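Asks: Build out the structure end to end from the sequences listed, making use of the hints.
This is what each chain is made of:
Protein chains: 2
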Amino acid sequence: MTHVKHMKWWGWGVDGVGFHHEDKPGFAPFVQMAVGIDVNSTASALASFDDVTVPESRASSEFVTTLRGIVGESNATTDAMERVVHTFGKSVRDLIRVRSGRLDRTPDVVVYPADEAEVQQIVDAAVAADAVIIPFGGGSNIVGSLEPLATEARTVISLDLGRLNRVLDIDEGSGLARIEAGALGPDLEAQLTAKGWTLGHFPDSFTHSTLGGWVATRSSGMQSDKYGDIADIARGLRVVRPDGTLVIRAIPSASTGPNVREMIVGSEGRLGVITEVTVQVHRIPAVREIIAYLFPNWKAGLEAMHAISESDATPSVTRVSDARETGFSFATSKESKGISKMVTQGLQRFLKAKGWKIDQMCLSFIGYEGSASHVARQKKIVGAIVKKHGGIAIGKGPGVLYDQKKFDTPYLRDFLLDRGAAADVSETAAPWAKLATVYDNAFAAANGAYKEIGVDGWIMAHLSHSYHTGACLYFTFAFAHNDEPLAQYDVVKSSIQQSFIDSGATISHHHGVGLEHAPWLEQDISSGGVAVMQGLFDATDPKGTFNPGKIIAR
Amino acid sequence: MTHVKHMKWWGWGVDGVGFHHEDKPGFAPFVQMAVGIDVNSTASALASFDDVTVPESRASSEFVTTLRGIVGESNATTDAMERVVHTFGKSVRDLIRVRSGRLDRTPDVVVYPADEAEVQQIVDAAVAADAVIIPFGGGSNIVGSLEPLATEARTVISLDLGRLNRVLDIDEGSGLARIEAGALGPDLEAQLTAKGWTLGHFPDSFTHSTLGGWVATRSSGMQSDKYGDIADIARGLRVVRPDGTLVIRAIPSASTGPNVREMIVGSEGRLGVITEVTVQVHRIPAVREIIAYLFPNWKAGLEAMHAISESDATPSVTRVSDARETGFSFATSKESKGISKMVTQGLQRFLKAKGWKIDQMCLSFIGYEGSASHVARQKKIVGAIVKKHGGIAIGKGPGVLYDQKKFDTPYLRDFLLDRGAAADVSETAAPWAKLATVYDNAFAAANGAYKEIGVDGWIMAHLSHSYHTGACLYFTFAFAHNDEPLAQYDVVKSSIQQSFIDSGATISHHHGVGLEHAPWLEQDISSGGVAVMQGLFDATDPKGTFNPGKIIAR
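Those sequence lines, one after another, are chains H and U. Going by the numbering used here, the first sequence opens with residue 20, and the numbers climb by one from there. Going by the numbering used here, the second sequence opens with residue 20, and the numbers climb by one from there.
If you are wondering where the hints come from, they were derived from the structure by calculation, not from laboratory data. The model shown is predicted, which means the values in this text are computed figures rather than measured ones. Every residue, glycine too, gets a C-beta built ideally from N, C-alpha and C. Just so you know, not all the hints are guaranteed correct.
Per label pair, the in silico range of CB-to-CB distance [what the hints assert, rightly or not]:
(1) H/Q553 with U/A136: 22 to 32 Å
(2) U/Q364 with H/K415: 53 to 63 Å
(3) H/D134 with U/K407: 37 to 47 Å
(4) H/S390 with U/K24: 44 to 54 Å
(5) H/R87 with U/K407: 57 to 67 Å
(6) H/S546 with U/T212: 32 to 42 Å
(7) H/D134 with U/A305: 47 to 57 Å
With a straight-line Cα cutoff of 20 Å, these simulated DMTMM-like cross-link-like pairs (lysine to aspartate or glutamate) come out [as the list claims (entries may be wrong)]:
(8) H/K399 with U/D331
(9) U/K318 with H/E191
(10) U/K245 with H/E329
(11) H/K214 with U/E329
Replies: In structure tokens form, the structure reads like this:
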């Protein structure tokens with residue numbers, strides 16, 4: 020079989036790696052407090068793949084033979100495990116379903132093309148056979164963009180881009196790199212770093228997501244304040260469609276009508292298969308630092324982030340956690356180092372003496388990049404703003420730790436799920452003036468939902484990704500579920516999403532729409548906006564070959 | 020009649036204002052050298068409007084009555100002058116045609132709605148009557164976006180947004196302003212300035228172009244390095260369509276599928292009528308300076324601009340003229356002040372002593388904005404880069420003058436046209452590594468075209484609008500035309516546009532597509548890109564109500 024590696028069929032990341040709390044004494048009491056679960060009780064036994072009832076592939080042997088004729092014998096498969104791995108992303112809904120063996124519909128065949136020419140042949144074969152194509156990158160999606168519709172009667176192909184994983188070319192004179200769409204974050208970053216460049220795109224999913232996936236879902240990385248969202252980063256595109264390859268050349272900015280590049284970005288497979296992206300890349304900066312700060316409360320933290328974004332500081336990262344997520348950060352840090360070490364009993368006494376309430380304080384990370392003198396100046400500007408808003412700097416240590424551990428959080432979700440707690444995230448963006456209300460309303464919505472389903476649930480949030488006019492708010496929620504976790508989850512998730520809309524925020528800042536957020540799209544971009552998007556899909560894909568039903572439910 | 024003011028029917032700007040050269044002794048010899056014309060010879064007499072044969076309006080009296088029922092008696096007109104004013108933009112092709120009375124087709128009726136509700140009624144009436152709507156802002160378009168197709172048999176409405184000219188609201192907490200689409204640059208900037216804000220969008224057309232027009236054509240202003248292109252600035256939109264108003268709320272960034280906002284931006288009226296835009300606005304900076312520099316040659320200037328864009332300087336303006344445009348700047352500056360004053364005989368001797376060739380030197384303007392300390396630091400970083408590339412600073416004076424006079428250049432075109440020279444512009448954008456080639460090839464193309472049509476023509480250029488991966492090149496060309504100026508112009512313009520494509524550049528950085536650039540769109544964004552865009556237009560406007568034939572010629 021192909022050499023392309025995948026995450027665990029039942030959870031995040033690679034086999035043998037998981038969340039552990041033995042060295043984090045604050046963790047067990049925190050979880051007990053937050054969701055009422057004793058993490059030291061026995062975890063449920065993992066489902067065995069033998070217990071999963073995998074629907075038969077509906078692909079005809081002729082069609083599989085056709086695909087094998089294109090990609091080679093070993094790169095088209097109807098193997099059950101392969102089809103299960105390609106059925107879902109990694110949302111908690113996905114994990115709950117796959118762990119309980121609830122598979123209504125899997126892809127019928129998984130193909131691994133070697134290059135764009137093979138992608139074109141697969142697309143042509145799919146159109147000829149009236150099959151469905153769902154492009155697949157790293158499989159980290161959490162909004163239902165990857166699963167076949169339960170009602171889909173046609174043959175479904177999961178088109179895995181994993182073999183298209185090379186940095187093809189770096190135009191050092193322009194800061195542009197041509198990269199194949201299936202390259203995973205660490206792989207492409209390693210190829211760039213070897214030549215002194217970085218993409219600067221580090222979403223939380225970085226280790227298990229691909230460039231093509233980032234483009235297809237409008238991803239944003241933690242350093243987006245400096246490097247931009249993927250919509251800014253992706254300058255050129257190659258997209259395989261039934262009439263050939265659509266080519267958007269890497270032009271810095273153009274006045275050539277409705278922006279086709281911006282139609283492909285976020286299209287989640289509905290406009291074709293992205294095979295190559297020309298991205299802007301940056302020289303690795305001389306200095307890169309993340310400094311941790313504490314603010315006396317959420318309001319002060321929010322206002323400081325806004326002031327920083329309005330200042331001349333231009334940091335690479337602006338992030339502040341609310342008091343609850345700050346507590347979570349303390350609880351998940353090792354006793355011997357990191358945040359716990361910095362925020363000593365002595366510091367806490369000092370802050371109390373200043374009038375702070377320790378349970379209100381908010382942890383912030385601000386990132387700086389550039390020449391040494393530039394970073395020094397950035398820090399000086401930010402330092403003055405932090406001080407003005409009553410905050411204090413607590414140093415580089417926690418920032419370094421945050422930087423090292425930022426991609427590990429998803430493992431925690433599996434740990435909790437093993438112990439009866441469902442956890443997931445909802446993220447949004449809104450203008451600065453609305454953020455406090457968006458935050459309050461999301462909390463009220465989650466707590467109302469917890470009451471409705473009769474659990475003591477948890478919700479916490481941070482602000483990240485600042486723009487001139489607003490920022491992203493990122494909520495994490497968890498609750499001890501009963502034996503209908505999906506129904507409970509839907510109540511909580513729906514309440515939070517509706518609160519976003521009702522507060523003037525968007526349904527997603529960087530996770531995409533898929534099936535999960537589709538019910539709110541019309542409230543977000545208006546019926547006229549949906550009609551225009553629907554017109555685009557209908558006109559460009561009349562047979563519904565490309566990931567039908569995603570973004571818009573038809 | 021309505022109070023909405025328009026530019027001269029035969030040229031740029033307002034009556035009574037024009038280009039004069041009495042105080043610019045270098046001008047006459049320069050024009051003689053460049054295009055072989057004696058500007059002191061008698062100008063041709065301006066065409067009288069009485070000599071223009073204006074086609075009859077094809078609007079039925081019933082339809083005009085319907086429109087008057089919507090907007091009031093005085094705000095829907097079939098008046099000949101009104102229809103002529105709304106027939107063209109202000110490209111040299113437009114000026115040549117209107118001055119010679121060559122009007123194949125004018126709009127049949129001009130309407131001035133008071134608000135969005137009236138726009139909706141006009142759209143509904145147009146759809147019901149199978150009429151055509153061409154939205155009209157300030158009328159400064161130079162790519163043929165405003166003219167009715169010569170073959171159009173249906174009633175054509177020019178929908179003038181001039182009465183929708185208010186800043187409706189400023190969200191000071193978010194830096195967002197809601198502004199009606201018909202507001203002219205100076206009007207909206209005055210309303211913002213009164214409250215301490217600026218849009219920061221200053222295209223060369225600023226005094227005679229509107230917010231809605233900027234959005235519809237993907238405009239870019241001279242300070243785009245800091246404030247962004249209009250696609251970045253326009254966060255929210257209201258667009259009247261047959262099924263109601265499409266509303267994109269002002270969200271800083273969203274992951275909601277193909278970007279509908281980016282479909283409306285640049286749509287040149289084909290997706291509906293933009294009535295309101297929510298833009299990001301900025302506090303007026305404490306300090307704003309434009310400093311002039313000289314570089315020994317074009318190559319040094321280009322490389323310095325690239326180095327500045329890669330540095331931590333983040334200026335608001337990066338601009339460098341080639342040696343020919345530098346000569347033009349000297350020739351059009353007053354003897355007593357400005358560039359001529361700064362670049363004295365003494366300075367020239369000094370530069371010659373340094374080994375410079377005076378006819379190779381290139382004038383550059385770099386803009387700085389922010390706090391005093393920020394600007395000081397920006398200037399220091401840029402200063403070091405300029406020095407490294409062999410350049411020198413020549414001070415603030417020319418920058419101030421450039422800032423004051425930058426919107427006056429279009430008047431010069433009328434002056435030349437009165438004296439037998441056709442002048443226009445072509446602008447493009449490309450990655451940094453390609454810019455030198457794009458420049459060389461455009462020159463070769465223009466000179467080849469001049470040879471073909473048998474004239475001694477002129478072409479000059481500047482770089483402006485820097486991005487991480489590239490920049491805009493802006494070419495101005497002129498030649499003494501014969502009695503077939505349009506045919507001659509087409510040879511020159513086409514040669515330059517084709518050279519852009521052949522050199523890896525785009526057909527337009529910020530002027531749009533219209534009719535003028537449409538022949539090259541497929542070569543720019545590929546047949547697949549055009550097919551996607553065509554699908555969008557066909558699906559959303561099946562009757563071809565909205566500015567048909569623009570961007571894509573069907």
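Asks: The structure should be examined with respect to each hint, and the outcome stated for every one.
Replies: Cross-check of the supplied hints:
Separation of H/Q553 from U/A136 is about 26 Å and conforms to the stated range, judged on CB atoms against 22 to 32 Å. A hinted range of 53 to 63 Å holds for the C-beta pair U/Q364 and H/K415, which are about 57 Å apart. In this structure the supplied range 37 to 47 Å holds for H/D134 paired with U/K407, their Cβ-Cβ distance being about 43 Å. Range check, H/S390 to U/K24: about 50 Å between beta-carbon atoms, so the 44 to 54 Å window is met.
As the Cβ distance of H/R87 to U/K407 is approximately 59 Å, the hint placing it in 57 to 67 Å holds. Checked against the given bound of 32 to 42 Å, the beta carbons of H/S546 and U/T212, roughly 37 Å apart, stay inside it. Against the hinted window of 47 to 57 Å, the Cβ-Cβ separation of H/D134 and U/A305 comes to about 55 Å, which satisfies the hint. Distance hint between H/K399 and U/D331 is fulfilled; the C-alpha atoms sit about 15 Å from each other, no more than 20 Å.
For the suggested pair U/K318 and H/E191, the alpha carbons sit about 18 Å apart, so the restraint of at most 20 Å is met. The straight-line distance between the Cα atoms of U/K245 and H/E329 is roughly 13 Å, inside the 20 Å bound, and the hint therefore holds. With a C-alpha separation of about 17 Å, the suggested pairing of H/K214 with U/E329 holds against the 20 Å cut-off.
In summary, the structure agrees with every hint in the numbered list given earlier.
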